[in-house]
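Colleague: Now for the letters of each chain:
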Amino acid sequence: GESVGLHLPTLSVQEGDNSIINCAYSNSASDYFIWYKQESGKGPQFIIDIRSNMDKRQGQRVTVLLNKTVKHLSLQIAATQPGDSAVYFCAENPWGGGADGLTFGKGTHLIIQP
Amino acid sequence: DSGVTQTPKHLITATGQRVTLRCSPRSGDLSVYWYQQSLDQGLQFLIQYYNGEERAKGNILERFSAQQFPDLHSELNLSSLELGDSALYFCASSRQGDREKLFFGSGTQLSVL
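Protein sequence lines correspond, in order, to chains A and B.
First residue of the first sequence: 2, per my numbering; consecutive thereafter.
First residue of the second sequence: 4, per my numbering; consecutive thereafter.
Misleading hints may appear alongside valid ones.
[Said to hold, decoys possible] Straight-line Cα separation of at most 25 Å, DSS-like style, residue types lysine-lysine; simulated pairs: (1) Lys104/B to Lys57/A; (2) Lys60/B to Lys107/A; (3) Lys104/B to Lys69/A; (4) Lys43/A to Lys12/B; (5) Lys72/A to Lys104/B; (6) Lys57/A to Lys107/A; (7) Lys69/A to Lys57/A; (8) Lys107/A to Lys69/A; (9) Lys43/A to Lys104/B; (10) Lys107/A to Lys104/B; (11) Lys104/B to Lys60/B; (12) Lys43/A to Lys107/A.
[Claimed, not checked] Among chain A residues calculated to face chain B with C-beta under 8 Å, some are: (13) Tyr33; (14) Lys43; (15) Gly44; (16) Pro45; (17) Phe90; (18) Asn94; (19) Leu103; (20) Thr104; (21) Phe105; (22) Gly106; (23) Lys107; (24) Gly108.
Simulated from the structure, these hints should not be mistaken for lab results.
Virtual Cβ for every residue (Gly too), placed ideally from N, Cα, C.
For reference, chain B alone in the conformation it holds in the complex:
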């Protein structure tokens, strides 16, 4: 168990809908990262937050957004969903003094039908 908690484990929704994925980082970790994993693209970095502020952006679509709250949990919001958004979404966290070593949650499997 990595200590990173993601909910829900599975999400099934329809095109055009909006969903929210939730992540609680390991205790004491200030950085939260979101990654998307699909069969053809592998693990793609989406966005990173550090202590409530956006720190870095990767291949995140404009339809997607995220935030990190004062209690350090994070949410990834996916809107106007398309079939191609179906993927595993992982959250990871890291420590201040070892910030490159990411610890991943078990992921949320999103299926857009």
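One chain only, chain A, in its complex shape:
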């Protein structure tokens, strides 16, 4: 079955508000996690990543939180803009130890309301 999943398939937020996209994973051996953004007609685009030896990492307007105890990952987007509208995927490296390849969740569609 799917080892990486998303709690909400669609998330609608007001422009300017903060967005939180959640992701659950089931493989406790996963040591690397990554968030991708996919806009319509384009391939997935890297946003931010985090290793299992960290619980938080910040980028530009984005923060990823990792809770290994409950196997939960979240992506926070500050002050969402219309350009943030996209499908967001979390992915994990389920083999640990630096092996190649990622397993993706099914995605959350983020809709920004004006």
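Please arrange chain B on chain A, whose structure you already have, making use of the hints.
Modeller: The following block gives chain B in isolation, referenced to the frame of chain A:
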């Protein structure tokens, strides 16, 4: 622009046919990955090549095959096509020192009629 180039962007074909999808990785990237994206299955890992050799296999059907050439470009061959093979096919590449961070191309939309 990720630097990964995929051709063609769109492909329309009939059941039973064979098609070839092409991918050029980012300059310097030795690893190439193929993923299939459909509405009901999400992004599914198919196969990975590293410097010309097969490295890992995922949910790839026996009707599908791939290869990576000496110039590091890769081709995904899909044969005996079925309606259910209609999907977006993505190629991704990664660097030697950062191999888990994948950079994706824009994909090939395959429609099997």
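Colleague: It remains to establish, for every hint, whether it holds in the given structure.
Modeller: Hints, one by one, checked against the model:
The hinted pair formed by Lys104/B and Lys57/A meets the criterion: a straight-line CA distance of about 18 Å does not exceed 25 Å. Simply put, Lys60/B and Lys107/A have alpha-carbon atoms about 20 Å apart, close enough for the 25 Å limit, and the pair holds. For the suggested pair Lys104/B and Lys69/A, the alpha carbons sit about 20 Å apart, so the restraint of at most 25 Å is met. For the hint pairing Lys43/A with Lys12/B, the CA-to-CA distance comes to about 10 Å; that is within 25 Å, so the pair holds.
Under the criterion of a C-alpha separation no larger than 25 Å, the hint pairing Lys72/A with Lys104/B is consistent with the structure, at around 20 Å. For the given pair, Lys57/A sits about 23 Å from Lys107/A by alpha-carbon distance, which is consistent with the 25 Å threshold. A distance of roughly 11 Å separates the Cα atoms of Lys69/A and Lys57/A; the hinted pair therefore holds under the 25 Å criterion. Under the criterion of a C-alpha separation no larger than 25 Å, the hint pairing Lys107/A with Lys69/A is consistent with the structure, at around 20 Å.
For the hint pairing Lys43/A with Lys104/B, the CA-to-CA distance comes to about 17 Å; that is within 25 Å, so the pair holds. For the proposed pair Lys107/A and Lys104/B, the alpha carbon gap of about 18 Å is at most 25 Å, so the pair holds. The straight-line distance between the Cα atoms of Lys104/B and Lys60/B is roughly 18 Å, inside the 25 Å bound, and the hint therefore holds. With a C-alpha separation of about 16 Å, the suggested pair Lys43/A and Lys107/A falls inside the 25 Å cut-off, and the hint holds.
Because the smallest distance between the Cβ of Tyr33/A and any Cβ of chain B comes to about 5 Å, under 8 Å, the interface hint for this residue holds. With a least beta-carbon distance of about 6 Å to chain B, the hint placing Lys43/A at the interface is held under the 8 Å criterion. Hint status for Gly44/A relative to chain B: holds, with the closest Cβ pair at about 3 Å, below 8 Å. About 5 Å separates the beta-carbon of Pro45/A from the nearest beta-carbon of chain B, less than 8 Å, and the hint is met.
Checking Phe90/A against chain B: minimum C-beta separation of about 7 Å stays under 8 Å; hint holds. Interface hint status for Asn94/A: upheld, as the beta-carbon distance to the closest one in chain B is roughly 5 Å, under 8 Å. Satisfaction of the interface hint for Leu103/A is found here, the shortest Cβ-Cβ separation to chain B being roughly 6 Å, below the 8 Å cut-off. Of the supplied interface hints, the one on Thr104/A holds, with its beta-carbon coming within about 7 Å of a beta-carbon of chain B, less than 8 Å.
Look at Phe105/A: its Cβ gets to within about 4 Å of chain B, closer than 8 Å, so that hint holds up. For Gly106/A, the suggested interface contact is upheld, since its CB lies about 7 Å from the closest CB of chain B, less than 8 Å. Interface restraint check for Lys107/A: the shortest CB-CB distance to chain B comes to about 4 Å, inside 8 Å, so the restraint holds. Interface hint at Gly108/A: satisfied, since its Cβ lies 6 Å from the closest Cβ of chain B, which is below the 8 Å cut-off.
In this structure, none of the earlier numbered hints is contradicted; all agree with it.
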